[in-house]
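Colleague: Residue 138 in the UniProt record's numbering sits at position 138 of the sequence shown, with consecutive numbering throughout.
Just so you know, the hints here were simulated from the structure itself, not pulled from any lab data.
Quick caveat, the model's predicted, so the values are computed rather than measured.
Where hints are given, some of them may not hold.
Stated by the list, open to error - Cut-off 27 Å, straight-line C-alpha distance, at most; resulting in silico cross-link-like pairs (BS3-like, lysine-lysine):
1. K174 with K4
2. K145 with K239
3. K78 with K239
4. K168 with K131
5. K116 with K174
6. K78 with K4
7. K76 with K168
8. K5 with K37
9. K224 with K76
10. K76 with K93
11. K93 with K116
12. K174 with K37
13. K224 with K37
14. K61 with K5
15. K116 with K76
16. K168 with K5
17. K174 with K76
18. K76 with K37
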Amino acid sequence: MEIKKIIENGRFDLHLHTTSSDGSFSPREVVSMAAQKGITTIAITDHDTTDGIQEAIQAGKELDVTVIPGIELSTKYKGISVDILGYYIHQSKELSDVIRKMREHRFNRSELIVNKFCELGMTITPADVQKYSKGEVIARPHIAKAVVDKGYASTTQEVFDLYLGDGKPCAVDKMVLSPQDGINLIHNAGGAAVLAHPLLIQDDTIVEELMQLSFDGIEIWHRKHRPEDIVRYKRLANKYNKLMTGGSDFHNEEHTIGEFGFER
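All chains, please: the whole structure from these sequences, using the hints.
Modeller: Listed below in structure tokens is the structure:
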């Protein structure tokens, strides 16, 4: 498969976010940053949307960067969040319908989250949040920035740790698919389905169960994966004959495109 050749080349980053979801930089800016670092192939994998892909592809043509059309779908398995990266996807009615429903739910979810902060005595409005969202999608990082801006926390990480993380006072569940439904959606759109950042699942028993589904691959290299994690997930990929992929999971200036522990 093409992904295997990309990995062998070594100049890639297959997990990037833009302002089309919860990233801080536009699709064109992300492509430009990749080009400046000598990266030849990237994948735009925004959360539950494909809105930034065409802008990125056009920028890639101008800057000699191959842009793989991708997505990161939100799913849940046994109460645990499981993100699935889709590569080489084509827009289909089925995918468009699911994305539209997810966008509508995400907007309603953001209002519920803002209301929860207000119930805790914090004066946050939808307008405060909207100014941090450069695209149509309003995501939790935008809300976290508004909370910090209002002086209720020092960092966005603190907001997640105290209020927005799973089980915290302001958490609201996403509309999510089952992992197999997410895989099917990607396959039906002509794409390859890859389990994202398995370390974040925090349960290797669950990761191994997921590998028995029809995933095409697993994200071995990620900025949060330690060398011992990489070794462990390589072993798992080989056991289940899965593709190995990697990416920075780039969102903002705190992350670096192309840096995710990959070594040939």
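Colleague: So, for every hint listed, does it hold in this structure?
Modeller: Evaluation of the provided hints:
no.: 1; hint: K174 with K4; in the structure: 32 Å, violated
no.: 2; hint: K145 with K239; in the structure: 42 Å, violated
no.: 3; hint: K78 with K239; in the structure: 23 Å, holds
no.: 4; hint: K168 with K131; in the structure: 24 Å, holds
no.: 5; hint: K116 with K174; in the structure: 15 Å, holds
no.: 6; hint: K78 with K4; in the structure: 31 Å, violated
no.: 7; hint: K76 with K168; in the structure: 18 Å, holds
no.: 8; hint: K5 with K37; in the structure: 20 Å, holds
no.: 9; hint: K224 with K76; in the structure: 21 Å, holds
no.: 10; hint: K76 with K93; in the structure: 23 Å, holds
no.: 11; hint: K93 with K116; in the structure: 35 Å, violated
no.: 12; hint: K174 with K37; in the structure: 35 Å, violated
no.: 13; hint: K224 with K37; in the structure: 20 Å, holds
no.: 14; hint: K61 with K5; in the structure: 20 Å, holds
no.: 15; hint: K116 with K76; in the structure: 23 Å, holds
no.: 16; hint: K168 with K5; in the structure: 42 Å, violated
no.: 17; hint: K174 with K76; in the structure: 9 Å, holds
no.: 18; hint: K76 with K37; in the structure: 35 Å, violated
This entry does not satisfy hints 1, 2, 6, 11, 12, 16 and 18, going by the numbered hints stated previously.
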